[in-house]
Amino acid sequence: MDPDTDIGGPLHRFPVTNHSAIIRARSDDQIVRRRAFDTILASYWKPAYKYIRLKWQAGNEDAKDLTQGFFATAFEKNYFATYDAGKASFQTFLRTCLDAFVANERKAGQRLKRGGDMDHYQLDFLTAEHELASHASDLSPEDYFHREWIRGMFAMSVGALRERCDQTDRSVHFQLFERYDLSDDANVSYAMLAKEFNLEPATVNNYLAAVRREFRRIVIEKLREITATDEEFRTEARSLLGVDVK
Amino acid sequence: MKWISDDKLDRLRTLVANPDFSSTKYTFVKELARGGMGTVYLAEDTELDRHVAIKVLNTPDVTEDLRDRMVREAQIIARLEHPGIVPVHDVGVLPDGRVFYAMKYVRGSRLDEYAAENSSIRDRLRKFQAVCDAVAFAHAHGVIHRDLKPQNIMIGSFGEVLVLDWGVAKLGRGFSRMNTDWPAGTIVGTRDYMSPEQARGEIDQLDERADIYSLGAVLYFLLTNKLPGEARPRSVNAAVSKTAEAICLKAMARSAGERYSSALELSADIGHWLDAEPVSAYRESAFEKVSRWTGKNRFLVLLVLAYLVMRIFFAFTAGR
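First to last, the sequence lines map onto chains A and B.
Take the first sequence: its position 125, counted from the start at 1, is 125 in the working numbering, and no numbers get skipped.
Take the second sequence: its position 280, counted from the start at 1, is 1280 in the working numbering, and no numbers get skipped.
Where hints are given, some of them may not hold.
Said to hold, decoys possible - DSBU-like cross-link-like pairs, simulated, lysine-lysine; straight-line CA separation at most 30 Å:
hint, chain 1, residue 1, chain 2, residue 2
1, B, Lys1127, B, Lys1025
2, A, Lys87, A, Lys55
3, B, Lys1104, B, Lys1127
4, A, Lys55, B, Lys1008
5, A, Lys195, B, Lys1289
6, B, Lys1008, A, Lys195
7, B, Lys1226, A, Lys195
8, B, Lys1226, B, Lys1250
9, B, Lys1250, A, Lys195
10, B, Lys1226, B, Lys1242
11, B, Lys1296, B, Lys1127
12, B, Lys1025, B, Lys1008
13, B, Lys1002, A, Lys55
Just so you know, these hints were derived from the structure itself, not from any lab.
The shape of chain A in the complex, shown without the other chains:
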């Protein structure tokens, strides 16, 4: 491998990012903490559920309870506040906590029954289960967790892009993006889209360039939200942009 040029922060320590939900999860303000936790939950519940199903060979009901239980306990006991960016990435930390949680639950030998004061999240396990069943993978559970996390990031970013385009009266931009960049049809051309949407080909070009720019911004915003330090943000950005993940 080629030796890479490096630009580190002072003595290779990077400051924490202000936009990070992981940092905000340590807040004393209950509302701020709740919002930050919801951001983390949205990004991680599905990879966590699938990971439990694969690594721990849990049945779907068991995996549902363990996922619910893990996140409820994490919020209640403020797990994420103990995260130390100097030791590992947040993703690795969360997976380690999850492994420890499942191992403890298994050791206790009891099926989790959540109730009472414990939170219960509205999570679409049916879809997650369907995705798991219809898209087999030969990746290790750890790599699969990472891949699913990336998939989730992009799916959320597409959703956010749609919302932003709708709010700013640029639905056509999103439709072009959907038809060209999200289509299964490899034969779609700018000329075809120009005809279909009654636009000039140059306009299609400009709209697509603008919407892709917006999409990139959203992906980076999302990523910044769920990484703890600039160093982790950069590492994950490189990974997300196709450098490190197989």
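Mind docking chain B on chain A? Use the hints.
Frame of chain A, contents of chain B only:
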């Protein structure tokens, strides 16, 4: 939230990763190389109808200040007109905030690839001298490269030597008003090739001698085919002469004060060694002096020996 297939996911990732050149005169052709600091793409200059190499820096969260600094530095480097320095044609900021600069697209091979195909040490060292000359030119104009390594040196199709990637260069003397470098403690460069002071993040202390160390590390690589390390070159490759090792170790001295004071001085020592002349880095024994002199003047020595043999022969036959 809609499921995204693996194919679509890869397409979206490429979409996010590839630079958006829509606001420039360039069109994307393909990715050429990816490094720690940025990615180099092949692009077409639509106005001049030629290929260019565009380096896009890996700084998705670049601040306005950093962006201005990078643009300013690229502008200064663009002024370095030397046959050994790859010309920068253009510099700018992409719509997503990433800084790019367009350079001449050099067809050829990197110095490490070239070394893999050319085992002649003499040939490698002639190329190395050309690198020293280009670096000396930059130093004379107050620019310190800070990231010299075989991967940043290209050997063109006609044997021309070009030093690339001036993206982390430091503007030294003469640029005091423009020079807003990274803060103290920042480590800039490539670990295997950077000087000890650079590795300690003494960014404000760095001068031309940091590049001299890196040149020494490149020389180490050319002599041994290995990444620079603690081992002396001769212990890695026994074929390396004591003189070449001394030149390399002087350039790579841990203390900046013990290194060559300029790239030209280093280049000159290499030239002296290639021409079998004494070098400043190595004190020869009397035997080594004689041995070097005879090696250099082999024809003359043979001629004198032949003359002596003939004299002895004639003296011997005349005496009979």
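Taking the hints in turn, this is what the structure says about them:
For a cut-off of 30 Å, the pair hint linking lysine 1127(B) to lysine 1025(B) is broken: about 35 Å separates their Cα positions. Note on lysine 87(A) and lysine 55(A): the hinted pairing holds, with a Cα-Cα distance of about 23 Å set against a maximum of 30 Å. Distance restraint check for lysine 1104(B) and lysine 1127(B): the Cα-Cα separation of roughly 20 Å lies within the 30 Å cut-off, and the hinted pair is therefore satisfied. For the given pair, lysine 55(A) sits about 26 Å from lysine 1008(B) by alpha-carbon distance, which is consistent with the 30 Å threshold.
Simply put, lysine 195(A) and lysine 1289(B) have alpha-carbon atoms about 83 Å apart, too far for the 30 Å limit, and the pair is violated. Distance hint between lysine 1008(B) and lysine 195(A) is fulfilled; the C-alpha atoms sit about 24 Å from each other, no more than 30 Å. For the hint pairing lysine 1226(B) with lysine 195(A), the CA-to-CA distance comes to about 59 Å; that exceeds 30 Å, so the pair is violated. Restraint check for lysine 1226(B) and lysine 1250(B): the C-alpha separation of about 18 Å stays at or below 30 Å, so the hint holds.
Between lysine 1250(B) and lysine 195(A) the alpha-carbon distance is near 69 Å, which puts this suggested pair outside the 30 Å criterion. Straight-line distance between C-alpha atoms of lysine 1226(B) and lysine 1242(B) comes to about 18 Å, which keeps the hinted pair within the 30 Å bound. Simply put, lysine 1296(B) and lysine 1127(B) have alpha-carbon atoms about 22 Å apart, close enough for the 30 Å limit, and the pair holds. About 29 Å separates the Cα atoms of lysine 1025(B) and lysine 1008(B), which keeps this hinted pair within 30 Å; it holds.
With a CA separation close to 25 Å, the supplied pair lysine 1002(B) and lysine 55(A) stays within the 30 Å bound.
Violated hints for the displayed structure, listed by number in ascending order: 1, 5, 7 and 9.
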